[in-house]
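So the sequences go chain by chain: H and A.
The opening position of the first sequence corresponds to residue 1 in UniProt numbering, with each subsequent residue numbered one higher.
The opening position of the second sequence corresponds to residue 1 in UniProt numbering, with each subsequent residue numbered one higher.
Don't read these hints as lab results, they were simulated from the structure.
Among the hints, a few may not be true.
Said to hold, decoys possible - Listed next, the in silico DSSO-like pairs over lysine-lysine satisfying Cα-Cα at most 30 angstroms (straight line):
#: 1; chain 1: H; residue 1: K235; chain 2: A; residue 2: K230
#: 2; chain 1: H; residue 1: K185; chain 2: A; residue 2: K61
#: 3; chain 1: A; residue 1: K90; chain 2: H; residue 2: K634
#: 4; chain 1: A; residue 1: K230; chain 2: H; residue 2: K605
#: 5; chain 1: H; residue 1: K235; chain 2: H; residue 2: K568
#: 6; chain 1: H; residue 1: K351; chain 2: H; residue 2: K397
#: 7; chain 1: A; residue 1: K188; chain 2: H; residue 2: K572
#: 8; chain 1: H; residue 1: K602; chain 2: A; residue 2: K139
#: 9; chain 1: A; residue 1: K90; chain 2: H; residue 2: K185
#: 10; chain 1: H; residue 1: K185; chain 2: A; residue 2: K139
#: 11; chain 1: H; residue 1: K572; chain 2: A; residue 2: K216
#: 12; chain 1: H; residue 1: K605; chain 2: A; residue 2: K100
#: 13; chain 1: H; residue 1: K605; chain 2: A; residue 2: K139
#: 14; chain 1: A; residue 1: K90; chain 2: H; residue 2: K568
#: 15; chain 1: H; residue 1: K496; chain 2: A; residue 2: K218
#: 16; chain 1: H; residue 1: K235; chain 2: A; residue 2: K218
#: 17; chain 1: H; residue 1: K185; chain 2: H; residue 2: K130
#: 18; chain 1: H; residue 1: K634; chain 2: A; residue 2: K100
#: 19; chain 1: A; residue 1: K216; chain 2: H; residue 2: K235
As the list claims (entries may be wrong) - Among chain A residues calculated to face chain H with C-beta under 10 angstroms, some are:
#: 20; residue: L62
#: 21; residue: K90
#: 22; residue: N176
#: 23; residue: V220
To be verified - Some but not every residue of chain H turned toward chain A, in silico, with C-beta under 7 angstroms:
#: 24; residue: Q98
#: 25; residue: S100
#: 26; residue: S242
#: 27; residue: G558
#: 28; residue: T562
#: 29; residue: L617
#: 30; residue: N630
Think of the CB as a built atom: it goes at the ideal place given N, C-alpha and C, for glycine as much as any other residue.
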Amino acid sequence: MKKIFYIPVFVLLLLSWGCNDDEFLNRPPTNILTEEQVWGDEGQVLSLLGNLYNRYVDLGNFRDFQRQWNLDPLTGWTRVADFNEAFWSESGRYNQFQNSGWDLNTWSIWDYGYIREMNLFIQKCEAAEKLSPAAKERFLAEARFLRASYYFELVKRMGGVPLILEPMTYDFSGDPTYLQHARAKESEIYDFVIKEAGEIKAKLPANAGEKSRATQAAALAMQARAALYAGSLAKYGVNTPSVSLPGGEVGIPANLATGYYTKALEAAKEIINGSVGAYALYTKKPDLSENFSSIFYDKANNPEAIFVDDYKLQSGKVHYFTGSNQPRYGAEEEEGGRINPSLNFVEAFEKLDNTFARIPTTNASGAPIYYTNQTDIFEGRDARLAGTVMLPGTTFKGRAVDIWAGFQLGNGSIVSGDDRGAQKTLPGKTVPEQVVGFDGPIDGFEFTAQTGFYLRKYLDPVVGSGQRGVNSEVWFIRYRYAEVLLNAAEAAFELKQPAVAAGYMNQVRARAGLTKPLVAGDITFDRIAHERRVELAFEGHYHYDIQRWRIAHIVMDGNAITAADLSKDLGKATKRNTQPWALWPYKVYEPGSPNNGKWIYKTVKLSRVTGADRFQLGNYYSLITDEVVNNNPKIVRNPNH
Amino acid sequence: MKIRFHFIPCLAMLALLASCEKDNFTEPKSTLSGRIVYNGEPIGVEYNQVRLQLWQPGFGKLAAIDAQVDQSGAYSAMLFNGNYKLVFPKGRGPFKTLEKDAAAKDTLFVTLEGDKQVDVEVRPYYMIRTPQFAGAENKVTATLKLEKIITGAEAKDIERLSLFINKTQLVSRATNVSVTDIAGADIKNLNAITLQTEIPTLVPTQKYVFARVGVKIKDVEDMIFSPVQKVEF
């Protein structure tokens, strides 16, 4: 026993005897890197830059986003499905459909800590001597790209903000006034983004295979988008004269519109003509709907993605978007289905002959139309519909979604259940059978397809993607080629070149199966707005599109939607969209009748939807809190706050 | 053991009692209330949409105390005695504020020592005059006159006129069971306007509704409303 104790003690003594005390105390720390170590090694600098990349802010996102000022975090998946384009089938979120609008700080961001760190990165990188000139140039350009991206995001949400391009340091003199900067004009921030993109472009690689780091195409795509946004703010800002500030912190003079639109078209054309890499629309699969949904999860040689937020399995950077929104029946976890696209959104998709029509549930005289197959009602529509929305009667991961609301009997009464796949005995039968789908829709029952639809866009078809322990590595596409085409089309339209606009739009539309090309005369503002709504749905674009066109307060005017409203003015950009509606399929049970076993559809207003959204003029620019105004008296408040 | 048993709770009790006096502020006791008026007449607005901001300078960091204006144009706030500034957030309200002079602009200075009534005088774009509501079988009819108050360069057109009805006394854009709009361009004579809206099936059944008329002014977010009236049918 004693031996066992003595031997290790002896070994320890022996070891400690071997130490040189001075060196022992001078060992470098193992948990922290010195400035020299970081700036002397390209791998370390890249990991610093990776941290800055990971803090990039988008309007739509998969990850939850923490905010300053003790504001509630923004839940990633809800941002992509906001504004009644979808209903959220989760009991904790029904209140979003029971109130009448948004707080003034709903979209506020103000992370000057992030900006300071990017400025520090730029300052130190410029001073670093051990980096190779090529690597240094690229790092600097990337940091400037990220800084411009964040200013772009700030100006979208807050209007003009203080433009800080140096890491500021407090000198402890007791007088912080030299740190206080006034807000720049809104146009100045846009000018800054456009200028930065132009300057860094040549320093970035032109490589279509590089998706998650900034490339020439990413810089150009940002430039085109920023110029387009600024142009539309200048042009349409006149429609809301009270949303402006005398100092120009909010609002862009109308005479600048043409210049911005021209810049946007130029930048977009540079990507389209292929000088910065081989980007193209994704057309790998013959089935057009499947092709459309594949854009978002096919990460192998995807020519459409320009700049993405990439994820990787087993790396720690994964997301649970698929788990949150997968069809619940047979899912890998007992949850999912949170995003239910609304009928309003589904009806926005055109028919293949370029006309708008409501989903035909009844004929002209009001009698229900009987369909043999569940999907027949959606026949002959834009292929993007089935690529974006999981329709009843379609499949996901090889399994059919089971969406039907019940049996409709010959006498008009309905047999349904209040649990998923509930069983009841139909009249004339003796054995109970399933009377409602395993995916619902059941009113007020969370995770079922309460509107009759599930989301398909961005859902990962890989096995395990809906499991809490595995998650998904589908990327979030920030810039893609189709958006560049639509940006070019919008800029060309605003510059009175409708034929050019039609050419760009037709490329996008042809991929969606719309074979009849638009001609110059067809291009209107409503057409442009509609194309962006259906192509870029659930990618975080709708929010800012209606905002920069200054139509958000018309689209969401606080009036409830009636069934009659639902079917009129389809394809009109200012159509009211204050409440999500539902479309419920019923199976006909009428033995002996030719209609037995067929499907009918009913439009339904969900009982949980009681409020109607009103977008206030004060929502156009988010709230800058009192905290910021107190610390910096030079900050002026946004209008209507 | 026995001593500790008594000693510890006693000490805790003492500590608690002692802290009561020291730690707690007295609650604010003075009420500042009033109405938004034009020549002494209250201006009806939407519930919880228009707000007055109260600022109390002198205590370091500033944050406004919001006083919501209710449907009848009244506001109230429970405050500490002291000096306050009253101001409307820029762009809120269906009216223009009165500018006293270049220094004070439209800010009202109030010294509070006990309860106080302060009516805030403003200039509305329009006033609703003599609104009359009549209920009939499944419909409500309203007749009214509109007076254009602000004329000249600052004048704004009427975007639309709406008759709202609801089952409860809260009647607005967000809460109504039925609404009828007339576009501003369709109003030919401001002195004789009639609106009519249908009463939908009410669940549970009731033989009355509450009605009010609202004016939406072009480029102004908040609407001017008539007083709420109970209409039997």
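Now for the hints, and whether the structure bears them out:
For a cut-off of 30 angstroms, the pair hint linking K235(H) to K230(A) is broken: about 46 angstroms separates their Cα positions. Only pairs whose Cα atoms come within 30 angstroms are accepted, and K185(H) paired with K61(A) is accepted, the gap being roughly 26 angstroms. In summary, the hint linking K90(A) to K634(H) is supported, as the alpha carbons are separated by about 17 angstroms, within the 30 angstroms threshold. Of the pairs offered as hints, the one joining K230(A) and K605(H) holds, with about 29 angstroms between alpha carbons and a cut-off of 30 angstroms not exceeded.
A C-alpha spacing of about 27 angstroms is found between K235(H) and K568(H), which places the hinted pair at or below 30 angstroms, so the restraint holds. For the suggested pair K351(H) and K397(H), the alpha carbons sit about 27 angstroms apart, so the restraint of at most 30 angstroms is met. Among the hinted pairs, K188(A) with K572(H) is consistent with the structure: their alpha-carbon atoms are about 29 angstroms apart, no more than 30 angstroms. A threshold of 30 angstroms between alpha carbons decides the hint, and for K602(H) with K139(A) the separation of about 29 angstroms falls inside it, so the pair holds.
With a C-alpha separation of about 19 angstroms, the suggested pairing of K90(A) with K185(H) holds against the 30 angstroms cut-off. The suggested pairing of K185(H) with K139(A) is violated, with an alpha-carbon distance near 52 angstroms, which exceeds 30 angstroms. Distance restraint check for K572(H) and K216(A): the Cα-Cα separation of roughly 23 angstroms lies within the 30 angstroms cut-off, and the hinted pair is therefore satisfied. A distance of roughly 51 angstroms separates the Cα atoms of K605(H) and K100(A); the hinted pair therefore is violated under the 30 angstroms criterion.
For the hint linking K605(H) to K139(A), the alpha-carbon distance of about 24 angstroms falls within 30 angstroms, and the restraint holds. Between K90(A) and K568(H), the direct Cα distance comes to roughly 36 angstroms. Violation of the 30 angstroms bound is thereby established for this hinted pair. Distance hint between K496(H) and K218(A) is fulfilled; the C-alpha atoms sit about 29 angstroms from each other, no more than 30 angstroms. Taking the CA atoms of K235(H) and K218(A), the gap is about 19 angstroms. The hint holds against a cut of 30 angstroms.
Distance restraint check for K185(H) and K130(H): the Cα-Cα separation of roughly 39 angstroms exceeds the 30 angstroms cut-off, and the hinted pair is therefore not satisfied. The suggested pairing of K634(H) with K100(A) holds, with an alpha-carbon distance near 25 angstroms, which does not exceed 30 angstroms. Among the hinted pairs, K216(A) with K235(H) is consistent with the structure: their alpha-carbon atoms are about 24 angstroms apart, no more than 30 angstroms. Because the beta carbon of L62(A) sits about 6 angstroms from the nearest beta carbon in chain H, less than 10 angstroms, this interface hint is met.
A least Cβ separation of about 6 angstroms between K90(A) and chain H falls short of the 10 angstroms threshold, and the interface hint therefore holds. For N176(A), the shortest C-beta to C-beta distance to chain H is roughly 8 angstroms, which falls under 10 angstroms, so the interface hint holds. Below 10 angstroms, beta-carbon pairs count as interface contacts, and V220(A) has one with chain H at about 7 angstroms; its hint therefore holds. Interface restraint check for Q98(H): the shortest CB-CB distance to chain A comes to about 11 angstroms, outside 7 angstroms, so the restraint is violated.
Below 7 angstroms, beta-carbon pairs count as interface contacts, and S100(H) has one with chain A at about 4 angstroms; its hint therefore holds. The restraint placing S242(H) at the interface with chain A holds, with a minimum CB-CB distance near 5 angstroms, inside the 7 angstroms limit. Given hint, G558(H) at the interface with chain A, holds; its Cβ is 4 angstroms from that chain's nearest Cβ, closer than 7 angstroms. This hint is violated: T562(H) has a C-beta 10 angstroms from the nearest C-beta of chain A, more than the 7 angstroms allowed.
A distance limit of 7 angstroms between C-beta atoms decides the matter here; for L617(H) the minimum to chain A is near 5 angstroms, and the interface restraint holds. Using the Cβ-Cβ criterion of 7 angstroms, the hint placing N630(H) at the interface with chain A is satisfied: the shortest such distance is roughly 4 angstroms.
Figure legend: structure checked against the earlier numbered hints; hints not met, in rising order: 1, 10, 12, 14, 17, 24, 28.
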